[in-house]
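Visitor: In the order they appear, the protein sequences are chains A and B. Counting in numbering that gives the first Met the number 0, the first sequence runs from 0 upward without gaps. Counting in numbering that gives the first Met the number 0, the second sequence runs from 0 upward without gaps.
No lab work stands behind these hints: they were computed from the structure. All C-beta atoms, glycine included, are put in the ideal place defined by N, C-alpha and C. Heads up, some of the hints might be wrong.
Said to hold, decoys possible - DSSO-like, lysine-lysine: derived pairs with alpha carbons at most 30 angstroms apart: (1) K619(A) x K82(B); (2) K619(A) x K113(B); (3) K569(A) x K614(A).
Unchecked claim - Distance ranges between label pairs, derived from CB positions: (4) K113(B) x F232(A): 52 to 60 angstroms; (5) P262(A) x M40(B): 35 to 43 angstroms; (6) Q269(A) x M0(B): 30 to 38 angstroms; (7) D51(B) x D553(A): 32 to 40 angstroms; (8) F232(A) x P61(B): 38 to 46 angstroms; (9) D51(B) x T692(A): 51 to 59 angstroms; (10) P61(B) x A392(A): 38 to 46 angstroms; (11) G124(B) x T249(A): 21 to 29 angstroms.
Unchecked claim - What the simulated footprint calls covered on chain A by chain B, stretch by stretch (three residues with Cβ under 8 angstroms from a Cβ of chain B suffice, anywhere in the stretch; the number is not a length): (12) 276 to 285; (13) 365 to 371; (14) 517 to 525; (15) 593 to 604; (16) 670 to 679.
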Amino acid sequence: MSITAKRPDLPTRRDFLKSSAASAVALTIGFEWTLSTRRAVAAATAAAASGGAPFAPNAFLRIGADNSITVIAKHLEMGQGSYTGIATIVAEELDADWAHVTVESAPADAKRYANLVFGTIQGTGGSSAMANSWAQLRDAGAKARAMLLSAAAKEWKVPVGELSTDKGVVSHAGSKRQASYGALVKTAATLPVPTTVSLKEPKNFTLIGTRPPRVDVVAKTNGTAQFTLDTVFPNMLVALLKRPPQFGATLKTFDATAASAVPGVKKVLQVPRGIAVIATGFWAAKKGRDALRVEWDDSKAEKRSSSEIMQEYRQLADQPALPARKEGDAKQAISSAAHKISATYEFPYLAHAPMEPLDAVVKLDSTSCEIWAGDQFQTIDQMNAAKAAGLDAAQVSIHTLYAGGSFGRRANLGSDYIVEAVSIAKAYGADGTPIKLQWTREDDILGGLYRPMYFHKLEAGLNAQGELTGWHHVIVGQSIMADTIFAAGIKDGIDSTSVEGAANLPYAIPNIAVDLATTKTGVPVLWWRVVGSSHTTFAVEAFIDEAAHAAGRDPYEFRRKLLEHQPRMKAVLELAAEKAGWNQGPLPSGKGRGIAVAEAFKTFVAQVAEVSVDKDGHVKVDRVVCAVDCGTAINPDIITAQLEGGVGFGLGAVMFGEITLKNGRVEQSNFNNYRVLRMNEMPKVEVYIVPSTQAPTGVGEPGVAPIGPAVANAIFAATGKRIHMLPFPPTGAA
Amino acid sequence: MSTTFVLNGQSATLDADPTMPLLWALREVAGLHGTKFGCGMALCGACTVHLDGQAVRSCVLPLSAVAGRQITTIEGLQSKQAKAVQAAWVALQVPQCGYCQSGQIMSATALLEKNSAPTDADIDGAMSGNICRCATYPRIRAAIHNAAKAAQA
């Protein structure tokens with residue numbers, strides 16, 4: 000399903016599917032396009048107008064006879080700008096006219112659309128969309144361009160070397176002939192795909208490094224962007240699911256009498272994860288669910304409070320743990336050091352809380368399962384949906400729609416909300432009735448798959464010259480990958496997502512030990528934007544600040560000296576410090592400046608935060624200066640936006656974010672008690688991008704990592720008080 | 000039971016449970032999908048529409064409460080201020096995931112229709128009820144200032 004804003008003059012997906020059947024080189028795309036009646040009329044009109052078979056030289060691109068350029072995105076667009084980035088890479092090498100470029104989502108198909116960073120899985124995450132698409136899509140665009148050139152050479156009987164391309168037009172200078180790409184697709188489609196092709200020199204880029212407008216922004220400002228919430232079919236039903244109040248609790252009995260009596264409620268059905276109320280619309284389903292009477296069996300439930308779990312973690316930090324990194328003898332170095340410092344840091348469970356509560360539409364019958372969702376791990380979801388439906392994966396098709404945020408939540412290895420929706424459609428009778436499963440905000444906040452709670456304990460030794468001689472970091476918390484299909488990625492007991500950002504400590508210290516104690520609780524956990532670095536960077540960057548203070552050194556210069564062998568990290572640190580005016584004297588009383596730096600997903604980010612603290616200890620973050628090195632900057636405006644957004648997302652978490660459990664029951668339920676950052680709390684953000692011709696890396700997540708410690712260090716500079724427990728107390732420095 | 004009101008400038012009669020929040024009546028009965036569901040408790044602003052020109056949260060407003068009143072949704076925005084807001088949103092490339100942006104635009108438009116030159120404090124006051132988890136806040140603020148200038152010109 001195409002989810003870009005449609006222009007009436009362009010052919011639509013349905014036309015391509017029809018015409019593709021007649022084209023020797025066309026793709027076979029394994030799903031059907033479903034349209035509302037209104038759109039179907041528009042599509043039929045466009046079909047009559049377009050004419051001609053499209054040119055589909057590879058799985059990522061179609062060029063229509065009407066000059067339309069359709070880029071097929073294997074990655075989810077959840078706000079991070081993947082569609083625009085993907086289209087920019089293809090369009091650059093193709094020399095396409097950006098005004099003619101639209102993007103549509105790829106079907107679930109690991110053979111063609113695997114994330115090359117993940118291996119054989121189609122999915123989006125780990126800030127990898129640009130990194131894994133770069134070579135693949137440049138090649139796709141360049142080969143298509145080469146075929147269009149060959150087509151023109153063939154038609155005009157001139158050497159290919161005499162032809163040039165610009166904005167979707169092939170020109171022959173000698174004869175002054177020109178042809179648009181659309182006019183060449185018929186001939187191009189008869190030509191072989193070249194095996195090799197040369198790529199542009201970066202100095203010749205016309206789109207990469209510029210700021211082409213996002214392909215999704217117009218639709219996202221006039222209400223027409225299509226999210227899963229907006230997916231509607233005739234006779235579609237809406238389901239809400241009543242889930243157990245504690246993780247691991249099971250159903251004892253339920254009484255559906257009152258729920259079934261609500262007008263509009265069609266069926267009340269038990270499914271593996273709870274009781275589904277299926278109705279003609281959301282409101283009836285909600286009223287029905289509210290009227291359910293349920294008794295739960297908590298005998299297998301997690302009944303502890305989060306405070307008890309944290310107490311257990313504190314004790315575990317003093318027990319032997321598994322080594323994630325060991326260089327030299329950190330314990331010995333610390334015990335014999337002239338100065339010793341130590342600190343602990345505590346991190347709560349966090350919910351992702353994307354603005355669009357989870358939702359999925361499923362159409363299931365005895366031989367097929369069709370899913371519409373803001374789908375993040377397409378081929379994992381396909382596999383899990385097939386299992387839930389009792390079908391083969393090949394019988395499950397997925398239409399990936401715009402996601403109203405995710406921050407990791409939709410990338411879950413059990414495909415929780417997808418499997419729920421499929422199980423409800425199955426229980427309903429698998430009769431092809433489209434059913435939308437809608438989560439409420441309460442379902443989302445209470446629903447688990449949180450960023451794990453962690454306890455960090457750090458010790459360091461400094462010599463008489465104030466140099467770090469030993470560093471010992473112990474991390475205690477749950478593994479995200481354990482007991483999932485990614486468990487094979489756990490090596491020697493170390494889940495890399497628990498220690499990333501800590502085990503790869505960048506600072507030059509002769510003796511380093513990083514240890515991990517992996518815990519088990521009944522609380523389901525998941526990656527949350529920037530994953531391990533959402534806590535490890537805080538611990539490392541807050542503690543290195545404490546070390547600098549103990550050494551009597553400036554925290555920027557202290558870090559800088561330890562990063563001599565880390566040129567890219569040092570460069571972002573220096574750029575952020577320079578732009579923030581770090582060395583231009585202290586801020587007035589009541590204000591403070593803090594710095595932090597991180598590498599996450601091969602992108603380097605440094606941030607300097609300026610805070611004001613009033614006499615009651617209330618903290619206001621006034622300004623954040625970011626420097627980022629993400630290799631080639633494909634779209635500097637999107638990079639800037641992701642850094643701005645990362646600051647806001649991370650800041651909300653460290654200031655307010657906290658999921659707590661009391662006797663196994665989550666105490667937060669909506670935005671009143673799960674606070675997130677609001678407009679009046681957002682600082683000014685400046686973003687500076689390090690020029691680079693290295694291959695691009697991601698920007699969706701790394702900006703989240705340093706903001707917490709940068710602010711905490713700024714609070715220390717303003718008040719002399721350190722923060723060792725997140726979220727910040729309501730009066731951050733009181 | 001039916002409720003009659005003015006929806007985007009035209010009389011509309013919706014046959015639905017009068018206790019149904021306006022949000023769901025707009026989405027599932029009137030078929031207007033631009034207004035989004037975010038929290039159901041008037042905490043996030045994703046469902047913001049205009050009730051007689053005031054920004055209100057449609058997720059907690061019963062359909063019965065709008066009888067005889069004027070409702071404007073993102074689909075019905077017409078004013079000079081609204082057009083300036085939408086143009087500024089595009090010019091500054093405000094949206095990321097985009098899910099909250101209908102609500103943001105409705106709140107920003109209501110602000111500019113009352114206050115032609117809002118200060119940063121005015122923007123904080125009018126916009127802090129609209130959550131954006133992508134934290135597009137700096138661009139929203141800049142876009143409102145730009146739209147204010149454009150609408151005055």
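Visitor: All the hints need checking, so say for each whether the structure fits it.
Guide: Against the structure, the hints:
no., hint, in the structure
1, K619(A) x K82(B), "33 angstroms, violated"
2, K619(A) x K113(B), "29 angstroms, holds"
3, K569(A) x K614(A), "36 angstroms, violated"
4, K113(B) x F232(A): 52 to 60 angstroms, "40 angstroms, violated"
5, P262(A) x M40(B): 35 to 43 angstroms, "24 angstroms, violated"
6, Q269(A) x M0(B): 30 to 38 angstroms, "32 angstroms, holds"
7, D51(B) x D553(A): 32 to 40 angstroms, "58 angstroms, violated"
8, F232(A) x P61(B): 38 to 46 angstroms, "27 angstroms, violated"
9, D51(B) x T692(A): 51 to 59 angstroms, "57 angstroms, holds"
10, P61(B) x A392(A): 38 to 46 angstroms, "45 angstroms, holds"
11, G124(B) x T249(A): 21 to 29 angstroms, "48 angstroms, violated"
12, 276 to 285, "holds (count 4)"
13, 365 to 371, "violated (count 0)"
14, 517 to 525, "violated (count 0)"
15, 593 to 604, "violated (count 0)"
16, 670 to 679, "holds (count 7)"
The structure shown violates the earlier hints numbered 1, 3, 4, 5, 7, 8, 11, 13, 14 and 15.
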